[in-house]
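Q: Here is what each chain is made of, one letter per residue.
There are 2 protein chains.
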Amino acid sequence: MALISNVEPHRMADAIRFLAMDACERVGEGHPGTPLGAAEIATALFTRHLKFNPADPLWFDRDRFVLSAGHGSMLLYALLHLSGYAGMPMEALRTFRELGSPCEGHPEYHPERGIEATTGPLGQGIANAAGMAVAEAFLAEQLGADLVDHRSYAIVGDGCLQEGVAQEVASLAGHLRLGKLTWLWDDNQMTDDGAIGIAQSEDLPARFRAANWQVLEVDGHDVAAVDAALSLARHDARPSFIACRTVIGRGLPGVEGTRAAHSGKLTRALTDAARQARDWPHPPFTVPEDVAAAWRVAGRRSLPDYEAWQARVAGLPGETRQHLDRLREGRLPDGWQDGLRAFARQAAEQGLAQHGWKTCGEIVEIAAAAIPEMLAGAPDLEAATQHKRRLSAFTAGHRGGRYLHYGVREHAMGSMLNGMAAHGGVVPSGVTYLVFSDYERPAFRLAAMMGLPVLFAFTHDSIGIGRNGPTHQPVEYLASLRAIPNLLVFRPADAVEAAECWELAIAHRTGPSCLVFARQSQPMVRRMAEENLSTRGAYVVAEAEGGERVATILATGTEVALALRAREMLASEGLPVSVVSMPCWEIFEQQTRAYRAQVLGQAPRVAVEAAVRLGWDRWIGPEGSFVGMSGFGASGGEDDLWQHFGITAEAVAAAVRQQVGRHG
Amino acid sequence: MALISNVEPHRMADAIRFLAMDACERVGEGHPGTPLGAAEIATALFTRHLKFNPADPLWFDRDRFVLSAGHGSMLLYALLHLSGYAGMPMEALRTFRELGSPCEGHPEYHPERGIEATTGPLGQGIANAAGMAVAEAFLAEQLGADLVDHRSYAIVGDGCLQEGVAQEVASLAGHLRLGKLTWLWDDNQMTDDGAIGIAQSEDLPARFRAANWQVLEVDGHDVAAVDAALSLARHDARPSFIACRTVIGRGLPGVEGTRAAHSGKLTRALTDAARQARDWPHPPFTVPEDVAAAWRVAGRRSLPDYEAWQARVAGLPGETRQHLDRLREGRLPDGWQDGLRAFARQAAEQGLAQHGWKTCGEIVEIAAAAIPEMLAGAPDLEAATQHKRRLSAFTAGHRGGRYLHYGVREHAMGSMLNGMAAHGGVVPSGVTYLVFSDYERPAFRLAAMMGLPVLFAFTHDSIGIGRNGPTHQPVEYLASLRAIPNLLVFRPADAVEAAECWELAIAHRTGPSCLVFARQSQPMVRRMAEENLSTRGAYVVAEAEGGERVATILATGTEVALALRAREMLASEGLPVSVVSMPCWEIFEQQTRAYRAQVLGQAPRVAVEAAVRLGWDRWIGPEGSFVGMSGFGASGGEDDLWQHFGITAEAVAAAVRQQVGRHG
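Sequence order for the protein chains is A and B.
Read the first sequence against the UniProt record's numbering and you will find it ends at 664, with the numbers running on by one and no gaps.
Read the second sequence against the UniProt record's numbering and you will find it ends at 664, with the numbers running on by one and no gaps.
Take the hints with a grain of salt, since some may be wrong.
Remember, identical chains collapse to one label, so a pair may be satisfied in a single copy or spanning two.
[What the hints assert, rightly or not] Straight-line alpha carbon distances no greater than 25 Å define the calculated DMTMM-like cross-link-like pairs of lysine to aspartate or glutamate that follow:
#1 Lys-265 / Asp-640
#2 Lys-265 / Glu-568
#3 Lys-51 / Glu-141
Note that these hints are calculated values from the structure, not bench results.
Please read all numbers here as calculations on a predicted model, not as lab measurements.
Okay, chain A solo, but in the shape it has when bound:
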C-alpha cells in the first residue's frame, strides 16, 4: 500500500515512542519496553491495515485490535490518541496511571475509547482476539460479507506465548482456520527475568507451522516489511503469525535491548538523550504538526470503507436491518424467553425429575433455537454435558455451526468466550464439568471486570457424580465462584428453577453468569412456574405447616429436595419448618433488607449444600448449622457417598432438632 503522506513512517512511530516515554517518565513507572519496541509494528498496522473509524469507535464492521501484552498500555493509548479517538486526548496521556485516568496501568475494556479488551494477565488478550475472529466468522455467515468482513489482530509478547492458554488457542485457531486472525509477535528476546533464553529455547515459528498457521518473519522495526507481512496475512486462509524481530525499549540509548527496558524507571536525562539520538526536538507530550497530521489522515483512512458499509446498511431490507441493529445493540430477539417459560411450565406440570446436565442441555437447545446468535460449545464433553444435541458444529468448513468443539482446552474456551462477547453480536456460552472450571477461572475474572455477558455453564456439581472420585467432585467451587465480584452464580434446584435461572442469566447483560447443574437426577421441588421466583435470588419454597416456623432450612441445587424431605420428617414430629431455595446469592444480596429478613426468618437456621461451608455463615449466623462437606470427596456409588459424607435428609433433620432444642 502506498504511503499516505510524505511523513516518514519512522517519525510516525517515534510519535508513539515519545508519548509513551513522556507518560512513563511523568508518573515514574510503567512499561516503556513494549511501546518503544513495537512502535513500528503498531504504525504499520494502524496506518496501513487496521479498518476503523475513530469517529465511530463502535462501528460494527471495524477490525478488532487487542494489545495482549497489556503492560505496554501506553502503546495503545498513544495509538488511539494519534488516530483521533475523542476519548483519548493528550490530557489523558498526561494522567497515565493516575486514579480516574482513562490511561490506566493496563488497558481496561472501553470500546467507546477504542479499548477492545482488558488485558494484562498474559495470554488472555490473544485468546480474546481469537474469540473475536470466531464471532466474525460466525456473524459473516449469518449476515453476509457485505455486513461483516473484518479482521482481528493482537500484538503479543513472549510472555503471552509462554502461557498455556495461548498455546491452546494457537492449536485451536489453526484447526479452525481462522484466516482473519493475525498475531504480531513482538519478538524482542527479552523478558522480565532477562534474555528470553533463560526460560525458552523453543522454535516458535516451527511451533506455529505445526499448528497450521501461516508464519512470516520480518524485521519489526521496518514498517514496510511489517506492512508487507500484514498484506500476506490478509490473503491466506490460515491464521497468520508474524514474527517481528525487535529491540525492546528501542530508542533509549544505553537501555534499549536490555532487561532494564522492560519496566525500568525513565529519567528526564534518559528521555532527553533519546530525543537527541532520534532527532526529536519536541517537548514532552508534543507531536509535531506534520506527524500529527499524518496520523490524523491515517485515522481517517477507512472512511470510504465506513461510508460504503453505512450505505449498504441503509439499503438493507427492513427485516435484515432490524436484525443487524438488534445484534449490534446487543438486544435479544423478541419473545426469546417464551420457550424457556414453556419448558418451565411443562416441567412443573409433569414433575420433570431428570439428570441436571440433561435439563441444562435441553434448555440451551431451546435458548439457541430462539436466539440465533447464541454460540454454544464445550471442551470435549459433548455427550456428558448434552449441550450439542441438535446444534451443528462450527468448523473450518461450516461457519453456520452453533456449537464449537474446543477440544480439551477449557482455558481457551473461557477466554475466547470473553472475546466473542467483547466483539458483540454473539451470545456466547460454554459448558464443562464444574471441577474443570478452575482451568478457565482467569477468564471469569476478566469477564466480570469487563462486565461481559458470558454464559459459563457447568455440570457435575458435587459428590453426586459418584464413582469418578474426588478429582471430579467439586467441593470448594461454589464458594470460590461466589467470591468473584460482578459474577452471578446460579445453582438451580430443579428443572423449573433451571429455566428461570437460565432466563435470568441470558437477560443479564452487564456481567457474566455461572450456571451450575448436577450430574445426578434433580428431583422437582417446584410444581408451580407461573412466576419466576428465582428473580429474587432466594425464596421460601415451602412454608412451615401446622404453625409458625421453628427453624429454616436453606439450600441450593439438589439439596433443596433433600431439605424438603427433612421438612416432611420434621412435620410428622410436629416441628413446622420452612425451606428456602437460594439459587443465586448475589441477587438475593441485592434485595431489600425487609425481603431478606422475611425469607430468612427469625427462627434458627440450618443450611445444606454439598460443598464447603465458606460463605454460608453470612446466612445462617454464628449459631446456625451447616450440613455439607468439610474436605474432598471420594470414589464410590452416589448413594454411598451421600451417606458416607452425612449429607442426607436425616442429617438435616437432626441438625434442625438440635437447633430447636438449643433455642427452644
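Assemble chain B onto chain A, guided by the hints.
A: Chain B in isolation, oriented as in the chain A frame:
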C-alpha cells in the same frame, strides 16, 4: 532387551486388557478405552524398562511412572497387580470404583501402592512427571548418580496434550533438557467427542521437535517397537516424546477404534466376544499361571539394580547416609528454623518495616541456606518477587541450581512443584503475584488432595500494588484459596509474622501452604518474637487499654497495622479496643473453642481486609462490620486507592464507633 520369559508379550498385554474389561464390566462403568488401547505400551514399559521393586514401593531410586490419562485408571491397577504390589491384590480389582476400594475411579496418590500421583484432571500428570524429572536431576547433582539415577515416565492421551499446562511443560522440559523424562503418547485418534479431527489438526510430533524433544513414532500395539523406542529415549539428552499409534479399546469387537470405546458401558456379551476373539478362555479376574508368572518375573526384573543400590547405600560414609536418609524420609535438617527465628528476632528489635515481597524473598533465601533440598522459582518474576537473590539458576547445564526460571508458565510451575513434592527429597516452592495464582489453581487443589508439602508463595496481594490496576489487584483470592480443603493460607502482618508463617508452612508436611505478601511496605506490628504467636492461627496482637474491650478488630496482612492505628485513635477517645491478627484461619479453626472465644471476645467485632467479605461472617457474626472491597480495584497511586476504597484507619474507627453505639 531380551524377552524375560517365553510368554508372548501380547498375552501379557491381554492380561491387562481383560482385567480392565472385567473390572469395568463388573461395576458397570469406567473407561476401558485407555487400558485396552495402551496395554502393549504399558507392557513394554513395565516389563522391559521401568526400574522398580514392588516389594519396596518407596525405593528412593525407582523410576517414576504417572498415568496422566487418569481416567484409564484400570491400566494402572492392573499393572500394579500383575507386577506384584501387595497393596493391589486381585480382590482390590474386583472392587473397582466401590467406596473404600484402593481402585478408585481415578488414581489417588498412594505411593505405598505404586500410585505416584493423583490424576484425572488432564495435563496434570504429565506436568507432575516433569517435576519428578527436575527433582531427580536436582538430587542426582547433590547426591551423585550412584544414589540417584532414575527416569520419569508418563502415559498421556490427546486430552492431556491439548491442555495448556501440558504445552507449557513441553516447552520448558525441552528447554531444560530433561533427558530422563519420557512421555508415551497413546495416539488413539479418539476423544470423548469422537474422532480427534473434530478439534485438532496439529502436527504434534513437529510441535515437540520445535520444543527440542526427541520424537519417536511407533506402532503402539507392537511391544518390541515401543521397547526399542524406550531404549532410544534412554540414550538421548533431550526429553523423549514417543508417539504410539494405537486403537482405542483394542480388543473389543465392534467397539474398538470407535468413540464408544472411550467410556462406553461394557456388557458381558461384549467381554465374552472379546475373550473369544483374542483366544482368552479364562474366567473374569483370572490370569493364566504362565502369564501371571511372566508378570511376576518382570516385576522382579530390577532386583539386581535394587540390591546393588542398597549395597551402595550400606557402604556410604555415615554423614552421606544420614543425609540420604533424611531426604528420603522427608525430614528437614536439624536447626533449619534457627535462621528464620533469628530473622524474626532481629526484625522485632529493628522494627523492620519493608516491602512484603522483600521480606518474603529474604526469608526464602534464609530457608534455602538452611535446607539444601529447597528448590525455589518463579514464572518470570525474579526481580519483582525477590526470590532468586543469591540462589543460582537450575538450568540444562547446571543441575546444582536452586532457583528455576519457569518463564511465564504459572500452571506448569504449580503442577511441577506437585511432582517434585510427590517425588520426595525436595522442598519445592514457587512464587508469583497473587493475582496470577488463578492460572495455577488446579495444582493447589491436587496438592491439597494428595497432601503434598508444597510451598506456594505470592506477593502483590491487594490494591496496595497501586497503579498496575485491577487486573493486578487481587480481591477475591484470599476467599477462593480459603475455600480449598487441606490448604493452609497464611497472610502475615509483618516481618515477624512472615518468618513465623514460613516456619509453620515449611514444617507442615501433610499438605500445601499458600503464603501471601504485600507489595507495599508492611509496617511492624510485633515488637516481640520470643514466641511464635502465629502457631495458633490468630491471637490478640494488642489488648484493649484503659478498660475492658468494647470492640474487637480482626485483620490480616498490612491491615493489621491499620487496625492498630484505628485502635490508637479510639483509645484517645476513651474506647478500649483489642486487635486480633489472624495470619491463618485454618489453624485458628483447629484451636479449642475456649481459645477461639477468648481471642474473639464477646464485644462487637469489626474486620478489615483489603479483599471481599466472603468468609468473614464466620468471625464477625451477622451484626459485625466489614471494611474491605466489594468489587474490583482501580489503577492509581497506592495512597489514593486506600482512600478511594475506604480502607483506612479512619474507616475502621468509624465502623467500631458505630458498632459500639449500636450495642452500647
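Q: Determine for every hint whether it applies to the structure shown.
A: Outcome of the hint check:
For a Cα distance limit of 25 Å, the shortest separation of Lys-265 from Asp-640 across copies, 21 Å, qualifies, whereas the shortest one inside one copy, 61 Å, does not. Within a single copy, Lys-265 and Glu-568 get their C-alpha atoms no closer than 69 Å, and across copies no closer than 38 Å, so neither meets the 25 Å cut-off. In the homo-oligomer, the alpha carbons of Lys-51 and Glu-141 lie at most 25 Å apart inside one protomer (20 Å), although the nearest pairing across protomers, at 57 Å, exceeds that limit.
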